[in-house]
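Visitor: Position 159 of the sequence shown, counted from 1, bears residue number 715 in this note's numbering, the numbering being contiguous throughout.
In case anyone wonders, no lab produced these hints; they're calculated from the structure. Only a predicted model underlies this, so the values are computations on that prediction, with no experimental measurement involved. C-beta atoms are modelled at their ideal positions from N, C-alpha and C, and glycine is treated no differently. You may find that some hints are simply not true.
Unchecked claim - Result set (BS3-like, lysine-lysine): computed pairs, CA atoms no more than 25 angstroms apart in a straight line:
| # | residue 1 | residue 2 |
| --- | --- | --- |
| 1 | Lys685 | Lys725 |
| 2 | Lys649 | Lys571 |
| 3 | Lys571 | Lys685 |
| 4 | Lys593 | Lys572 |
| 5 | Lys687 | Lys588 |
| 6 | Lys572 | Lys588 |
| 7 | Lys582 | Lys685 |
| 8 | Lys687 | Lys572 |
| 9 | Lys717 | Lys766 |
| 10 | Lys725 | Lys735 |
| 11 | Lys799 | Lys785 |
| 12 | Lys799 | Lys582 |
| 13 | Lys571 | Lys561 |
Stated by the list, open to error - Pair by pair, the computed Cβ-Cβ distance ranges are:
| # | residue 1 | residue 2 | range |
| --- | --- | --- | --- |
| 14 | Lys725 | Leu620 | 17 to 23 angstroms |
| 15 | Lys685 | Val632 | 43 to 49 angstroms |
| 16 | Ser589 | Gly622 | 18 to 24 angstroms |
| 17 | Ser596 | Trp568 | 20 to 26 angstroms |
| 18 | Ala577 | Leu765 | 33 to 39 angstroms |
| 19 | Tyr682 | Glu640 | 30 to 36 angstroms |
| 20 | Ala797 | Ser728 | 47 to 53 angstroms |
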Amino acid sequence: MSATKDKWLKYWFLKKYKRLAPYVPKTKMMSKSALWKLVSNYRHVILKPVRGSRGRGIIQVSSLGGNTYALHFENVQIKIHGKEHTYKYIQRKIRNTRYMIQRRITRPTIGGCPFDMRVIIQRKEYSSKWKVTAKIAKVAGRGYIVSNNERSKGRLLPVKKAIQKSTIKHLSSQRLQWKMDRVSLRAARRLSVLFPRHRIYGLDVGFDLKGHPWIIEANLYPSMSHFLKVKDRTMYWRIRAYKKSVRT
């Protein structure tokens, strides 16, 4: 298996680093006992394929109390009574695909739709200095949990504007972005130990309702399409320039 696409490996490598551990949600490999332990601890969890991309195959499992569970995938929501029935339903959906279970971070919303950020961190060739070159807020489409723009028919907003329109608008946009950039740069430096030749990362970073940043996922081959869909192409061209550039 290619290590670059293994979400579990990247999660484990980030989580075991003391300076990043507080910013990485609790995650376990999928098993019946692990699922119910995390649901018991956090009430809401996200199931994701270890090698998935673009929001495919993601399932949210929530405890509603009274031995009833809600499953949310794509824009479909169903309720199932009993742990056994719920687990059997999940097994039928995921089949033999390797899955992991992650604590769901309660993200802020804009008009009832959750959002998180895609942050691009790069370094120039022959340089060890990492820089945040682009970031954008991805707002999930109505009825979806995933913020992937194409999968959920969501929208893209500048990060500052997204924060100011959201349920955390009372927090300082400047301070939130500073925290997000700091964590993103720390993650890039950590990942460079595992992938020493790599020069670009795309992190999905979500704030919780208190403004604490969480690394939801790390991508080694992030899509550039987000930055082509906005009117101002400055960030897109900066990413391209960094890809081609050497240390100056």
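Visitor: Against this structure, judge whether each hint is valid.
Guide: Here is how each hint holds up against the structure:
1. Lys685 x Lys725: Roughly 32 angstroms separates the two Cα atoms, so the pair is violated.
2. Lys649 x Lys571: violated, 28 angstroms
3. Lys571 x Lys685: holds, 22 angstroms
4. Lys593 x Lys572: It holds: about 20 angstroms lies between the C-alpha atoms, which stays within 25 angstroms.
5. Lys687 x Lys588: violated, 41 angstroms
6. Lys572 x Lys588: holds, 24 angstroms
7. Lys582 x Lys685: violated, 29 angstroms
8. Lys687 x Lys572: Holds - the C-alpha atoms of Lys572 and Lys687 are around 23 angstroms apart, at most 25 angstroms.
9. Lys717 x Lys766: holds, 18 angstroms
10. Lys725 x Lys735: Answer holds: Lys725 to Lys735 is near 16 angstroms, not above 25 angstroms.
11. Lys799 x Lys785: Holds, at roughly 19 angstroms.
12. Lys799 x Lys582: violated, 33 angstroms
13. Lys571 x Lys561: holds, 17 angstroms
14. Lys725 x Leu620: 17 to 23 angstroms: violated, 30 angstroms
15. Lys685 x Val632: 43 to 49 angstroms: holds, 45 angstroms
16. Ser589 x Gly622: 18 to 24 angstroms: This hint holds: roughly 22 angstroms between Cβ atoms.
17. Ser596 x Trp568: 20 to 26 angstroms: The hinted range 20 to 26 angstroms holds for Ser596 and Trp568, with Cβ atoms some 22 angstroms apart.
18. Ala577 x Leu765: 33 to 39 angstroms: violated, 21 angstroms
19. Tyr682 x Glu640: 30 to 36 angstroms: violated, 57 angstroms
20. Ala797 x Ser728: 47 to 53 angstroms: For Ser728 against Ala797, whose Cβ atoms are near 30 angstroms apart, the range 47 to 53 angstroms is violated.
The structure fails hints 1, 2, 5, 7, 12, 14, 18, 19, 20 (numbered hints given earlier, in ascending order).
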